[in-house]
Amino acid sequence: MRPIMLQGHTRPLTFVKFNREGDLVFTAAKDKSPCVWWVDSGERIGTYDGHNGAVWCLDVNWDTTRLVTGSADNTVRIWDCQSGKSLYTLEKKTAVRSIQLSPGDRLMSTVTTSHYGNVPKIELHKFAENTEDQNDKVIREMALGMNIVHHIYDLCGRWIVICTEDGSIRKYDVETGQEIAQYNDHEKTVNSIQLSEDGCTFVSASADTTARLFDLKSMECVKTYRTNKPVNAASLSPLMDHVIVGGGQAAADVTTTHQRAGHFAMKLFHKVFEDEIGSIKGHFGPVNALAFSPNGRSFISGGEDGFARLHHLDPSYFQMA
Amino acid sequence: SEQSRMNERKAVIEQRKKIHEQHVREYEVAERERTAIETKRRADEEAKRQALEAEAREEERVKREKMEMETEELVQMVAEMDRKKGGKATYQEIYEQVTDKNLDKQKVLRAKEEQQQKETTNFQNRIVAATRKLDHFVRASREAEAPLIRAHAEA
Amino acid sequence: TDIDSDPEIMDEINSVQAQQYEEEPVLDVVVVENVPVVDDKKYEKLLAVLKKIFSQLGEVKDIRMPKGDGDKTKGFALVTYDSEKSAKLAANKLNNYAMDKNHTFKVYPLETVGDAVTPTDKHAVEPIPYIEKGFLSEWCTDKRGRDQFVLRAGAETEICWLEVIQKPQMVYGRANWTEHVVQWSPRGSYLVTFNEDSVGLWGRSDFSLVLKLDHPGTSKADFSPCERFLVTWSPELECRPDNPQNVIVWDLRSKQRIRALVNPPREAEVPWPFFKWSHDGQYVCRKGDGAIFIYGMPSMVPLKRIVADGVKDMEWSPADNYLAYWQPELGNNPARVTVVEISGSTTQDVSEAKIGTKNVFNVVSMQLNWHKRGDFLAVRTERTPKSKKPRSDIYIFRVRDKNVPVELLELTSNVISLSWEPVGQRFVVVHGDGPKPDVNFYSMKKGKDNKLQVLKKLEKASVTTVAWSPAGENVVLANLKAGGEGELDFYNVSKQTDEVKLMGRAEHYLCTQLSWDPSGRYVATYVSALTDSHENEYRIYSFSGKLLQKRAVSRLFQFLWRPRPPSLLKDKDLKEIKGKLRDAGKRYDAEDDRLKAAVALGDEEKRAKWNKEWQDWVVRWKTDHKNEKKL
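Protein chains in written order, with our numbering: chain A, 1 to 321; chain B, 1 to 155; chain C, 1 to 631.
Any given hint could be a false lead.
Said to hold, decoys possible - Think about it this way: if two alpha-carbon atoms lie no more than 27 Å apart in a straight line, the pair counts; the simulated DSSO-like pairs of lysine-lysine are: (1) LYS550(C) x LYS133(B); (2) LYS448(C) x LYS133(B); (3) LYS481(C) x LYS446(C); (4) LYS612(C) x LYS271(A); (5) LYS495(C) x LYS84(B); (6) LYS629(C) x LYS550(C); (7) LYS495(C) x LYS572(C); (8) LYS133(B) x LYS372(C); (9) LYS126(A) x LYS92(A); (10) LYS61(C) x LYS45(C); (11) LYS112(B) x LYS74(C); (12) LYS495(C) x LYS85(B); (13) LYS118(B) x LYS546(C); (14) LYS143(C) x LYS448(C); (15) LYS456(C) x LYS112(B); (16) LYS271(A) x LYS51(C); (17) LYS446(C) x LYS402(C); (18) LYS112(B) x LYS457(C); (19) LYS88(B) x LYS629(C); (20) LYS281(A) x LYS550(C); (21) LYS143(C) x LYS596(C); (22) LYS550(C) x LYS271(A); (23) LYS626(C) x LYS271(A); (24) LYS84(B) x LYS448(C); (25) LYS133(B) x LYS143(C); (26) LYS223(A) x LYS580(C); (27) LYS93(A) x LYS32(A); (28) LYS217(A) x LYS612(C); (29) LYS167(C) x LYS133(B); (30) LYS622(C) x LYS271(A); (31) LYS93(C) x LYS74(C); (32) LYS133(B) x LYS572(C); (33) LYS622(C) x LYS445(C); (34) LYS456(C) x LYS84(B); (35) LYS612(C) x LYS133(B); (36) LYS626(C) x LYS223(A); (37) LYS93(C) x LYS85(B); (38) LYS133(B) x LYS106(C); (39) LYS118(B) x LYS133(C); (40) LYS550(C) x LYS126(A).
Simulated from the structure, these hints should not be mistaken for lab results.
Take the sequences, apply the hints, and build the full model.
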């Protein structure tokens, strides 16, 4: 399995996302321009130029016509996927840390932070089919007085699950904005959460060096994957009972520089048995973002080193239990 | 007059003699030159031939040496393999073996590789056996020592 | 003046005392308290008065009156007599002597300051209360012949049995057991913890407290090889009225302090080990100024003073009461190594017999390196920098041979290290001037030239550490540079043929620590949290370099194999065991197979159970989902 290096970003990667068909992959980084790539060849198709700061998050709609991005320049932008044109800009009070389109692309939710005394919150907007009809109106907002790191929808768009800097994971009802359940056993910041393909479960990635698998409905932690370094991202394979986990000490916390690739190896765990079944080396900085392609035959990793690596899995991999 | 005709004739003859001498001299000069050129040519040819011959001889020598070296190398290799197998063949015997059987380098190399492979495997097997044996020995010793330790503690 | 609460006075006493223990006990000095406090003007006058008083009882060699702030004296004096007798007399006769109406002297021998027990022969005949400690070596009788190790990670300390078929089995674990490090005693009977007020010695099968030794702030502990005596050192001075101390020598049989004394209270300055123990604990010695002082145990009676000008260092043989020491070049005398045999147990019958010596010119320093069984002594020498030859050479004493012949091993470059095979007679020398040194293997077996033999030379190897198996024959050459790749090369040096062969190679990235288990079966490596904070992991290799297991342990500070006492088996027992090894081996293999099967079954069962749970869960989830949709 020789990964394809996606060279184009100049700063650490922040987020990666495949489109629904899995032929394209979108990447965001602390440079100002998100990129889109062919999954098969790793060739870059284009960039989305217009933001004036790091891009923290992105999402793509169901039929890959619109891309939404959230940036540290305090704006959300809606783009035409194909032409790369910026169609709409939404001003926010602070940097936008997380952005999601609800299933069915009816809503667009954004997460702002506590900068400049702002109350961090999730704000729900209508996501218009025709961008001419898009507006800035906030339909609903949820604030819990602490920084939200990331959020996801369930497959029906009934719930939003968020993870926070203090290590909690909470589930909200989209309609009422009411909190339904809470999980507080992570000891440190939860850096990301990702839904499984079937929508029954989601996996968290925490700085407490574990990734955990949750029953979305009951919000119970069902499995724990232990590593020896902070976990930044985790993704569930849609094909196999596998979880890929990536992370590493942030550069600022590292006393000695580790130039060796092995140091930031991603670990592959068996979803059910919780044991480590493999390790994938390559990045020479912490891994910030991970995603399995919808068909489970590839995955992409984005690193603090400014590289995205596209891994097409070997036939031998699929013979594994 | 007769005298003057005679004189004239004499003069003509003298003249002719001179011309003839002149011719002879010229001929001699030309002949010498020709000989010189010829000699030079012959010498050149001879030198060239000799150079070619020397070259051929040198080539022959290098080739022979190379062959000898190769044979020697083969002999050494075979000898080493033989030694490893525990054989005690003399140099002469191995030399004959190599030259008689007309062994080529590839064959010997292959055989050598095989032998090395075998040695590695043997060595690995030996390590596995030694690992087991050491473990067994340590366990057996500790088992035998345990009652002594107990007795010692009670004393 | 209250001399005990005045740190400056204590320093003064300490400095005299420190000298006292470097040399023979000073018995000819008395301390005088309640001397008038005077300034410079009156100093000489008071001195004369004191001299007059104290001279009545013997010849006074020296009187010192320490000064405090300004030029005022501190109100006490140290009087040195020419003999112990006079000092004792003074302490008797002049105690409570009234110099004037305000000053009544308190006089006592310096020896009684800071010495809990005066080392007299009287003490030796007193019966020593013996503390019953229970079966300390029970762990050595483990049915499966396993080895133990201790792990200290974060605040946790745990002791485990090493298992290679399954995960290590924890025997005992405890949080905040020690303030800083843990340490095994040399025979593995005790685990030592360092606590605020004391040193704890833990053992038996339940790791209960066997002995608690009160010594606040102890940071170092050094056992005698026989485990009967322990020296503890603390940077804190315990200023008891009659007893300032930071080095204590304990008799673990009785838990008594044999001796207590003062040494530089800063860690960087303390020579450690403070005392050097003979292999059987019969003697202990200490380097003084131009002499070595030998004390007899268990009462620590000063037995002998070996005069050796400028002596720099000394080492006991690990097997005999042979003491090797070296002296540097002094004047016209060359540098010299001497080996003496010490015998006798009282001041009357103690004797030293020279058994070997070697003079070496142009040498600035030496390092003494005994063979584990005391068969050889290797002396590495470092030449004076101006010498044109390579900076170092090695002299080897054949201690068991008649007249102790010395062989010279000349090398082409600087010697970095020398490591003896613990059993057997081979050794490895690492030498070189650059970052990639050469490694040479030697055998002491004499060759045709009647000299030691070179077995193999490895050129330009990245080797920082040479670690022989305690069973001999196998040796690991490792590169344990901090932040390095951690290359490990496992070599075998055949007992029969002396052939040096590479058995296996491994790499443990960033690892800086390597140790053999006591049986020579396994090698452990680990990345300590002291050198790197996030790849903390230990690994166990077979002696041939096969990775058997690894475990990530966050904040791993220590991994220490538990040492075992010397074997009680005799050579004939071992021979018998070897003879029956085939049958025993079959039994062990069968045992292992059973365990393997059980482990696999357990694993299999666990997996089957988990898998079923998971499948059930998925089915339940799907049904629920369908039902919800219907609604």
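Contradicted hints - numbers only: 2, 3, 6, 11, 14, 16, 19, 26, 33, 35, 37, 38, 39 and 40
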